[in-house]
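Engineer: Read top to bottom, the protein sequences are chains A and B. Positions 1202 to 1536 (the numbering used here) are the ones given, in order, by the first sequence. Positions 1202 to 1536 (the numbering used here) are the ones given, in order, by the second sequence.
There may be inaccurate statements among the hints.
Reference excerpt, derived from the structure (chain B facing chain A, CB under 8 Å, subset only) [claimed, not checked]:
{"#": "1", "residue": "Met1442"}
{"#": "2", "residue": "Arg1452"}
{"#": "3", "residue": "Pro1454"}
{"#": "4", "residue": "Val1455"}
{"#": "5", "residue": "Tyr1456"}
{"#": "6", "residue": "Asn1457"}
{"#": "7", "residue": "Ile1461"}
{"#": "8", "residue": "Asn1467"}
{"#": "9", "residue": "Arg1469"}
What the simulated footprint calls covered on chain B by chain A, stretch by stretch (three residues with Cβ under 8 Å from a Cβ of chain A suffice, anywhere in the stretch; the number is not a length) [unchecked claim]:
{"#": "10", "segment": "1429–1441"}
{"#": "11", "segment": "1471–1480"}
These are calculated hints, taken from the structure and not from any lab test. Only a predicted model underlies this, so the values are computations on that prediction, with no experimental measurement involved. Positions of the beta carbon are idealized from the N, C-alpha and C atoms, including for glycine.
Number of protein chains: 2
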Amino acid sequence: MSLKNREIHLARRPDGLPKPDDFRLVETEVPDIADGQVLIRQLYMSVDPAMRPRLTVGYELDQVMAGGALGRVERSKNPDFAEGDLVRNQLGFREYAVSDGRGLSKLAPEPGIPLTAYMSVLGGTGFTAYGGLLEIGGLKDGEQVFVSTAAGAVGSVAAQIAKIKGCYVIGSTGSAEKAAWLRDEAGLDAVINYKETPIRQGLKAAAPKGVDVYFDNVGGDHLDAALASMNTLGRVAVCGMISGYNNPGARTPVYNLSNIIYGRMNLRGFVATDFMHLRPQFETDMRQWLREGKIKWRETVLDGIAEAPHAMVGLMQGENIGKMLVKLSEEEVPA
Amino acid sequence: MSLKNREIHLARRPDGLPKPDDFRLVETEVPDIADGQVLIRQLYMSVDPAMRPRLTVGYELDQVMAGGALGRVERSKNPDFAEGDLVRNQLGFREYAVSDGRGLSKLAPEPGIPLTAYMSVLGGTGFTAYGGLLEIGGLKDGEQVFVSTAAGAVGSVAAQIAKIKGCYVIGSTGSAEKAAWLRDEAGLDAVINYKETPIRQGLKAAAPKGVDVYFDNVGGDHLDAALASMNTLGRVAVCGMISGYNNPGARTPVYNLSNIIYGRMNLRGFVATDFMHLRPQFETDMRQWLREGKIKWRETVLDGIAEAPHAMVGLMQGENIGKMLVKLSEEEVPA
Chain A
1202 MSLKNREIHL ARRPDGLPKP DDFRLVETEV PDIADGQVLI RQLYMSVDPA
1252 MRPRLTVGYE LDQVMAGGAL GRVERSKNPD FAEGDLVRNQ LGFREYAVSD
1302 GRGLSKLAPE PGIPLTAYMS VLGGTGFTAY GGLLEIGGLK DGEQVFVSTA
1352 AGAVGSVAAQ IAKIKGCYVI GSTGSAEKAA WLRDEAGLDA VINYKETPIR
1402 QGLKAAAPKG VDVYFDNVGG DHLDAALASM NTLGRVAVCG MISGYNNPGA
1452 RTPVYNLSNI IYGRMNLRGF VATDFMHLRP QFETDMRQWL REGKIKWRET
1502 VLDGIAEAPH AMVGLMQGEN IGKMLVKLSE EEVPA
Chain B
1202 MSLKNREIHL ARRPDGLPKP DDFRLVETEV PDIADGQVLI RQLYMSVDPA
1252 MRPRLTVGYE LDQVMAGGAL GRVERSKNPD FAEGDLVRNQ LGFREYAVSD
1302 GRGLSKLAPE PGIPLTAYMS VLGGTGFTAY GGLLEIGGLK DGEQVFVSTA
1352 AGAVGSVAAQ IAKIKGCYVI GSTGSAEKAA WLRDEAGLDA VINYKETPIR
1402 QGLKAAAPKG VDVYFDNVGG DHLDAALASM NTLGRVAVCG MISGYNNPGA
1452 RTPVYNLSNI IYGRMNLRGF VATDFMHLRP QFETDMRQWL REGKIKWRET
1502 VLDGIAEAPH AMVGLMQGEN IGKMLVKLSE EEVPA
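This is chain A alone, in the form it adopts within the complex (with noise of 0.2 Å):
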């Protein structure tokens, strides 16, 4: 048969900033599938900020990466797993996969919702913003929210969500472009614009209630704007602090966390796994706010593997709305 594969190491350990050749294109030719294994053809795969952290500590060098995906299967000896089944895999950058069926993840798509949409707002993404938000940040009715990076994958549903629940949202983001979708698509109240004002001083402006729920994927400046904005009993959930992954040793300062003391806040670090016990109700919620048309959502998608290293540096920059994904083949090719 000989199919070729192709995937994606990481040849180097970022400093600072990832550039596209910390990672290494690789082709190698797909193996033949044992008994109770199957071969996927990967679809799309996630490149998320979780994983720069990962760069650092996680991955091995010269091996390659591991990412959400969803791929099809394009030859099963499982049971389990029969041809043309699409499968949510942890098995990304790489275009074909070999699972022995642990950690797929079988998906029966509904009628009307794209693909993609799977690996954002109805998948992890989607999950991690509404866990969050509500389980980790207890956020309750008519509440103040402040997000950040809301234009980004998790943001932006975080965000929505608050919005859907009768609370007042602000989000901050990097860019004009982005500003303008939040106010005017995702519907926000209030938009920061942080590389024209100072989050602080935004913050401040943007809030004249204060803050009741922090969702934070940003630490550093944005957290202590957030401290400084927050009303007592306030609680930050802390999904990622994405101000920190490019500097050495993965870290920004905070100065405001004496804050907590007298207003009584709480700060919790958590991962969707937290949650898993919501995901039912997850699922039930959120496909019908897609339906009603609650959730607007962003993409940005890259064409082909060796694109991946671009989407992880831009990820970075801030080059995406929404979720930044990569298409792996084309779902005409057959199956």
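Go by the hints and put chain B onto chain A.
Structural biologist: Below, chain B alone, put in the same frame as chain A:
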């Protein structure tokens, strides 16, 4: 009658570390009391780290300061209080106080327990340690616990409660004398003198099994050290951040906050009024522990109201072991 009263005013807001002449001793006359009022002769007043931020924002200039105190009712025109009653109150920094009874709490002292204990282990200090550790920190028996300023009024109680709960307890302190007391008297498992060993390095060595609960009185480098040693699902009960109190803006940077994401940690600021429902159980538990000799405590008592500014300055420089008190009058003086 013309009783002389002396009180401490805030003369100017400290620039950094408070100095004695930031305060002023003012002599006044004790006023007559009206119907419904009581005159309190103060016996002891409390000097607490939490007063430092109030010197910057909170206390008014050229006015008498306020703080926890224990006094005896000297004269009463209030049917709820009799002459000779012991009353806990928030009218410290003066020798005599007039009150309409609001905010006074009558104290029935127990034989064998010195009056000062009601200002420390059995007072707000002990209660802060109790609730902060058990309720905010969610301490579970047998966990790994780190307490900063462990020889202080709150820290020393928190550390010993953790020992009573079967935990492995690490304390930090700033002198060899305090370290010896913590090790030999209070029975901690490990003690770090942060003036001899950098706190991060000291904690790494002292906590081979990591830290599940950090009771934070310091912030800054101590919090960073804790964050670098915390276990997954670790909790930080943030009682105070004394490291920043004497810096401009009352803040010190914290660098390792991003650790809370993958560690899914919880940082929670609190004040004792957050868990008033625990007060009866605290009184029962703490009296029991004192009778059993399970809680040791120390006090640093300065004599006379003129010493109150020195008590404040000394507290900020770690000159106290345990609770810092100022004795305001001799109990022997006839009521």
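Engineer: It remains to establish, for every hint, whether it holds in the given structure.
Structural biologist: Going down the list of hints, with the structure as the test:
1. Checking B:Met1442 against chain A by beta carbon gives a least distance of about 4 Å; that is within 8 Å, so the hint holds.
2. Because the closest C-beta pair between B:Arg1452 and chain A is about 5 Å apart, less than 8 Å, the hint holds.
3. Using the Cβ-Cβ criterion of 8 Å, the hint placing B:Pro1454 at the interface with chain A is satisfied: the shortest such distance is roughly 4 Å.
4. At about 5 Å, the closest approach between the beta carbon of B:Val1455 and any beta carbon in chain A falls short of 8 Å, and the interface hint on this residue holds.
5. Hint status for B:Tyr1456: holds, given a least beta-carbon distance of 5 Å to chain A, under 8 Å.
6. Taking 8 Å as the C-beta contact cut-off toward chain A, the hint placing B:Asn1457 at the interface holds, the least distance being around 6 Å.
7. Nearest Cβ of chain A to the Cβ of B:Ile1461: about 3 Å, under the 8 Å cut. The hint holds.
8. Satisfaction of the interface hint for B:Asn1467 is found here, the shortest Cβ-Cβ separation to chain A being roughly 5 Å, below the 8 Å cut-off.
9. For B:Arg1469, the interface hint holds, the least distance from its beta-carbon to any beta-carbon of chain A being 5 Å, beneath 8 Å.
10. With 3 residues having a beta carbon nearer than 8 Å to a beta carbon of chain A, the segment 1429–1441 of chain B meets the requirement of three or more and the stated coverage holds.
11. Counting residues of the segment 1471–1480 of chain B whose beta carbon lies closer than 8 Å to any beta carbon of chain A gives 3, which meets the minimum of three for the stated coverage.
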